[in-house]
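Colleague: Now for the letters of each chain:
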Amino acid sequence: MNFKNKNNMKNNFLIALAFLLFGFATFKANSNYTVRNDKEYFSSFKKNEEPKNKKFNILNKKSEVDGETFYVIYKENSLGQGFYFKIVLDKNEKPIATYYANEGDQQISNSTVENLKKVVFGPDKAVNAIVETTTQCVTKCHRTNGCYSKPTSTGVLLCSAECGIACA
Amino acid sequence: MRKNIILFLLFVCFSFSVTAQSFVVQYAYSKHVMKDSTKIVSQNTFLNIDENQSTFFSEAPYLADSIMTSDEKLGKKINFKTLPNNFLSCHIRKKLSSKGIIYYSDEFGEHEYKYSEEPKLSWKIGKESKEIMGFKVYLAKTRYAGRNYEAYFAPEIPIQDGPYKFFGLPGLILEIFDEKKDHHFLAVGISHEKRISIDALIAQKKYIETTKTKFVEMRKNHIEAPMKRMFELMNSTQIYEKKDANGNVVDVRKLLNETQRKMIEEYKKENKIEL
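Chains A and B supply the protein sequences, listed in that same order.
By our numbering, the letter at position 141 of the first sequence is numbered 141, and the numbering carries on one by one without gaps.
By our numbering, the letter at position 80 of the second sequence is numbered 248, and the numbering carries on one by one without gaps.
Extracted from the complex, chain B is given alone in its bound form (with noise of 0.2 Å):
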């Protein structure tokens, strides 16, 4: 009985000198590109964990910034096709001890929003175990936002997180996909050292605060129509016509058009993670 005390107070003072850590956890994210697609495309994300929360986000917009202030000091045009894209389209604090997320969405042009949501994670662990960076990591399974995932999570790291919206599993998860392969979080480094962090860009911009169920119909909405509002304004201004930098002219409507066509296109072979 003392023995088990003594192990109990032991594994708690653990579990502690884990969690007071704040530590980062690098995943390479992989999707496939669209949603009947076969290619895969695939790039860094971060967990940055501290005491008792955290936050996910994609390397792509720090990317793109230096892309493009390397651009500028150079003089050069910025080549917006060719800047990394954010794959998730957004970013995730956790407050662990209240189970609940706040997503940032990083999506849009003229708005950003955040919402609240407690993710309900029934978790089924299995009895199947592999290893992950030397960590021996064990099988769960789980349904989320339409999709079934297989989770590995490492007890050795006795913190309730992973990558997304994924957590409550009783260690780090280090690995998780969904059946179909379309979205596939892979742990490939931790580390004490925070390289890159998001609270400052969390921090400086406005994000419209909505509800789970308004952003996904205002997300439906504007998929539907991503121009409307520049038809809107090319509407009121009466303004049709504009020249390009090589002086010729180009017919506005044509040109919204044209982009919005293409937009909607992509958004509806988009291979959205959450269904």
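The shape of chain A in the complex, shown without the other chains (with noise of 0.2 Å):
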């Protein structure tokens, strides 16, 4: 009777101590859900997942079709404002749209939203560095060729007069 009762003692035990260690497993599990630091996991880029709970706004869109794919990343200023970045990408992994969430969620002031676009993309639009003129076609020419260093009148016209075919 009394071996009986030690092992029913023993199961008992045995089970109450899976029971808690599953518990316990449980536990853990679900809290590393839900105290997952998303600023943390999103400090690098991340495919197709994005923080829960945030909304995003758009900063940027260049085009109305449905992105493939997308990526999240988290960026702080120095001012310690957080931001979520969410950059859609097309069928040919082009970014097509950028979108962006505060950390607080609050409202974001239209000059924080300008700065970010600045971030983002840069002052402005500017296409390229090079504008061709006649102007400076001709005076570059005039430049390179010495034009105003020949030793003639008639040297200084014919070399002008070259720039002028050159820049036409």
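Bear in mind the hints are in silico, worked out from the structure with no lab data behind them.
Be aware that one or more of the hints could be misleading.
Claimed, not checked - Quick look at which bits of chain B chain A covers, simulated, 3 or more residues with Cβ under 8 Å:
1. 244-252
2. 274-285
3. 397-404
4. 421-431
Claimed, not checked - Facing chain A, a subset of chain B residues (Cβ under 8 Å, in silico):
5. A232
6. M236
7. V418
8. E434
As the list claims (entries may be wrong) - Straight-line C-alpha distance at most 30 Å; calculated DSSO-like pairs for lysine-lysine:
9. K75/A x K304/B
10. K61/A x K348/B
11. K94/A x K207/B
12. K61/A x K298/B
13. K62/A x K203/B
14. K348/B x K267/B
15. K382/B x K437/B
16. K62/A x K207/B
17. K62/A x K348/B
18. K388/B x K150/A
19. K410/B x K244/B
20. K333/B x K298/B
21. K430/B x K373/B
It should be emphasised that the depicted structure is a prediction, and the values quoted were computed from it without experimental measurement.
All residues carry an ideal CB built from backbone N, CA and C; glycine is no exception.
Once you've looked at the hints, go ahead and assemble the two chains, each given alone in its own frame, into the complex.
Modeller: Structure, rendered in structure tokens:
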């Protein structure tokens, strides 16, 4: 009888221990999920994952085509303001839209949005650094060919005429 | 009191340590290509700061030189149309202690000019702030040469300098633009390494010294008849025809007229920084 009781007690203890371990494992698994630090997690780009309960607003949209994939990253400025950026790509992996969400889901001022645009896209959309103008072309040609340094008036004129032809 | 004195001395020491260093600020300069155009063009400009003076210039002349040198080496014909242009058409040297600048023109064929100026920049500092390149910058406004400007300066960099002719704020100007955004300078990098310098170019070139008033007047006359000198030479030499590379006869008068017409049109539409 004593032996049987001892066995029962041992079994009960093992079952209780198993339940405790299971409960602890379940709690850890759940707590791991609920306390995930999104700021840390998204400090590097994550593909097709986004923080929960964040409302993303449009920062820039180039196309109405539905995106195939997206990446999310979290960045902070020196003032400690944190932003999530979501970059949507088309099927050719080209960015077609950028969205932002701020850490606290508070209203962001227009100037902050403009600043974000500047940080992400640069100050303005400058097209290129070369402007074809006759004025600049003629001036550069005159200088390079040393037109005004020619020893005779005829030399100066013919040199300039060459530039006129080159820049026509 | 003692604490304040120590703080003040620390600030002075810090200011000297920064100003004693040489460094380069790179600005992206963008502008509307013509007066009424929406097209924006951009190029790199540099502010080389040395002790008490600085030089501001565009990288375009260097790019153009290297392209021409490379074309010559390869035996290629230089395409003058596609060479980078100096959008500012000048270099600026500032002496911060005297609050004066020297303007060196970089836009004419025959002669270049230099003039001294003490720009009267009356700044109004606002409360608005933002961040540029990790520096907290504050808004300041001024008016210069017919345009209203908004500038953002960084008190963390205690140098009273900035791009083009702008200076005089209690910190380096990292961004400045006029209200129409016709002209926009934005700092995109700061380095201790001087990659290029305009000093040698300024030293080897002969500039005709003038005043700003005379320079403006001279330029006004030039843009009304940019090929005037060539017409005079054509009449004095009585050369009215020339053969081109293919042996075709070219009417010089017609060629000069056409070139001048295009230049005048371009000058009429030009988006000058100073109105």
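Colleague: A separate judgement is required for each hint: does it hold in the structure or not?
Modeller: So, going through the hints one by one against the coordinates:
Counting residues of the segment 244-252 of chain B whose C-beta sits closer than 8 Å to any C-beta of chain A gives 6, which meets the bar of three, so the coverage hint holds. For the segment 274-285 of chain B, the stated coverage by chain A holds: 4 residues have a C-beta nearer than 8 Å to a C-beta of that chain, and at least 3 were required. Evaluation of the coverage hint for the segment 397-404 of chain B: fulfilled, as 4 residues show C-beta separations to chain A shorter than 8 Å, against a requirement of three. Remark: the segment 421-431 of chain B is confirmed as covered by chain A, as 6 of its residues place a Cβ nearer than 8 Å to a Cβ of that chain, reaching the required three.
The beta carbon of A232/B is positioned within 8 Å of a beta carbon in chain A (closest approach about 7 Å), and the interface hint is therefore held. Residue-level restraint check for M236/B holds (minimum Cβ-Cβ distance to chain A is 6 Å; threshold 8 Å). Nearest Cβ of chain A to the Cβ of V418/B: about 6 Å, under the 8 Å cut. The hint holds. Contact between E434/B and chain A, as hinted, is supported at the beta carbon level, the nearest pair being about 5 Å apart and thus within 8 Å.
As the CA atoms of K75/A and K304/B are separated by approximately 17 Å, the hinted pair is consistent with the 30 Å bound. Between K61/A and K348/B the alpha-carbon distance is near 24 Å, which keeps this suggested pair within the 30 Å criterion. Between K94/A and K207/B the CA atoms are separated by roughly 24 Å; this keeps the pair inside 30 Å, and the hint holds. A hinted pair counts as satisfied when its Cα atoms are at most 30 Å apart, and K61/A with K298/B qualifies at roughly 24 Å.
For the hint linking K62/A to K203/B, the alpha-carbon distance of about 27 Å falls within 30 Å, and the restraint holds. With a C-alpha separation of about 27 Å, the suggested pairing of K348/B with K267/B holds against the 30 Å cut-off. Taken as a hint, the K382/B and K437/B pair is honoured in the structure, with Cα atoms around 22 Å apart against an allowance of 30 Å. Restraint check for K62/A and K207/B: satisfied, since their Cα atoms lie roughly 18 Å apart, inside the 30 Å limit.
Restraint check: the Cα-Cα separation between K62/A and K348/B comes to about 25 Å, which is no more than 30 Å; the hinted pair holds. Under the criterion of a C-alpha separation no larger than 30 Å, the hint pairing K388/B with K150/A is consistent with the structure, at around 26 Å. Restraint check for K410/B and K244/B: the C-alpha separation of about 23 Å stays at or below 30 Å, so the hint holds. Between the alpha carbons of K333/B and K298/B the distance comes to roughly 23 Å, so the proposed pair stays at or under 30 Å and holds.
Between the alpha carbons of K430/B and K373/B the distance comes to roughly 28 Å, so the proposed pair stays at or under 30 Å and holds.
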